[in-house]
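Protein chains in written order, with numbering that gives the first Met the number 0: chain A, 0 to 165; chain B, 0 to 165.
Honestly, the hints are just simulated from the structure, not real lab data. All values reported here derive from a predicted model rather than from experimental measurement. Mixed in with the good hints, there may be bad ones.
Each pair may be met inside one copy or between any two copies, as identical chains are not told apart.
What the hints assert, rightly or not - In silico DSSO-like cross-links for lysine-lysine, where the CA-CA straight-line distance does not exceed 27 Å:
hint, residue 1, residue 2
1, Lys82, Lys45
2, Lys126, Lys45
3, Lys45, Lys79
4, Lys126, Lys82
5, Lys79, Lys126
6, Lys96, Lys45
7, Lys96, Lys79
If you want the building blocks of each chain, they are given just below.
Protein chains: 2
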Amino acid sequence: MNDKTKLIPQFVDSTKVFSGRVFEVTVEFDDGTIALVRQYRHPTVKYMMELPAGGLDDRERPEEAAARELEEELGLVAGKLEKLSEFFVSPGFCAEKMWLYLATDLTETARRPEDDEVIEVVRLPIKRALQMITDGEIEDAKTIIGLMLAAPRIGLSAFEPDYPAA
Amino acid sequence: MNDKTKLIPQFVDSTKVFSGRVFEVTVEFDDGTIALVRQYRHPTVKYMMELPAGGLDDRERPEEAAARELEEELGLVAGKLEKLSEFFVSPGFCAEKMWLYLATDLTETARRPEDDEVIEVVRLPIKRALQMITDGEIEDAKTIIGLMLAAPRIGLSAFEPDYPAA
Numbered sequence: 000m001n002d003k004t005k006l007i008p009q010f011v012d013s014t015k016v017f018s019g020r021v022f023e024v025t026v027e028f029d030d031g032t033i034a035l036v037r038q039y040r041h042p043t044v045k046y047m048m049e050l051p052a053g054g055l056d057d058r059e060r061p062e063e064a065a066a067r068e069l070e071e072e073l074g075l076v077a078g079k080l081e082k083l084s085e086f087f088v089s090p091g092f093c094a095e096k097m098w099l100y101l102a103t104d105l106t107e108t109a110r111r112p113e114d115d116e117v118i119e120v121v122r123l124p125i126k127r128a129l130q131m132i133t134d135g136e137i138e139d140a141k142t143i144i145g146l147m148l149a150a151p152r153i154g155l156s157a158f159e160p161d162y163p164a165a
Numbered sequence: 000m001n002d003k004t005k006l007i008p009q010f011v012d013s014t015k016v017f018s019g020r021v022f023e024v025t026v027e028f029d030d031g032t033i034a035l036v037r038q039y040r041h042p043t044v045k046y047m048m049e050l051p052a053g054g055l056d057d058r059e060r061p062e063e064a065a066a067r068e069l070e071e072e073l074g075l076v077a078g079k080l081e082k083l084s085e086f087f088v089s090p091g092f093c094a095e096k097m098w099l100y101l102a103t104d105l106t107e108t109a110r111r112p113e114d115d116e117v118i119e120v121v122r123l124p125i126k127r128a129l130q131m132i133t134d135g136e137i138e139d140a141k142t143i144i145g146l147m148l149a150a151p152r153i154g155l156s157a158f159e160p161d162y163p164a165a
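Okay, chain A solo, but in the shape it has when bound (with noise of 0.2 Å):
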């Protein structure tokens, strides 16, 4: 058994199709900027910039684990937090499900990580995040879906006709 798999336990049960819930948040500030997160991945090798997102208990709801998250990863308290979709990420081989929100009308407050996560928050406008979207420097496919749906939402094309560049 290699590092690797200690760190995915649920492949360690072979008679269960994988069936994980996450929630994601795009976190909109009244200035137009956004919360990404950077953390190391292990499943990818590298560094990913993605939205914040976490996973869920058995009975946990969704938009209550993302209030929760946002408060103690990022201590922001959500004025409003709406729902802008649900899909599945990969159902050809498996069943897990995403919860994608938008949060606004932020209040800051104290943060409490826990413990064991590194992660580093990058607050950026959202149309540079876009951007990075185009320039391959986010390449993860819920932060793609995240940010493409909040963008209209908070008066922006998801992305120029002439996406991407040649």
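Once you've looked at the hints, dock chain B against the given chain A.
Showing chain B alone in chain A's frame:
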């Protein structure tokens, strides 16, 4: 071992991170329609509408596999096949990577479907397909990305500012 396990042999080897390579294609006809595939997905236990997609062998180039699959499964030869994006489906737990193409300038040819594949091809306007994302009728991550990234290339916004309906 249950039926589902037999369908996803990758899960049997617990010492590896799942690392499939997959291509998908947004097929755009001259009349503004695109092709979706309707098929039963065991992991999600339902029929789903998705863009045409398929797995890659270790040494296979994604664009070659995409062109071959278009011809075999849809009976189409693409005069133009452009890469729109590449991304990871769920980097938190697996290394599955996806290559997305836009196929245009299509010529019809004879289909050569493999015996074990039961797929239904549905042709519809891309505007209707985008509406199906809003309405939750399309809930496959790669298909959401494939339609949203293709839309601006063929003169449409991915979404109107009022997406999704309240």
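Hints and how they fare:
1. In the homo-oligomer, the alpha carbons of lysine 82 and lysine 45 lie at most 27 Å apart only across protomers (23 Å), although the nearest pairing inside one protomer, at 30 Å, exceeds that limit.
2. Within a single copy, lysine 126 and lysine 45 get their C-alpha atoms as close as 24 Å, which meets the 27 Å cut-off; across copies the closest is 36 Å, which misses it.
3. Within a single copy, lysine 45 and lysine 79 get their C-alpha atoms no closer than 33 Å, and across copies no closer than 32 Å, so neither meets the 27 Å cut-off.
4. Proximity of lysine 126 and lysine 82 under a CA criterion of 27 Å is satisfied in both settings, with 21 Å inside one chain copy and 22 Å between copies.
5. Proximity of lysine 79 and lysine 126 under a CA criterion of 27 Å is satisfied intra-copy only: 22 Å inside one chain copy versus 29 Å between copies.
6. In the homo-oligomer, the alpha carbons of lysine 96 and lysine 45 lie at most 27 Å apart both inside one protomer (23 Å) and across protomers (13 Å), since each shortest distance falls under that limit.
7. For a Cα distance limit of 27 Å, the shortest separation of lysine 96 from lysine 79 inside one copy, 23 Å, qualifies, whereas the shortest one across copies, 34 Å, does not.
When each numbered hint is compared with the structure, a violation occurs for hint 3 only.
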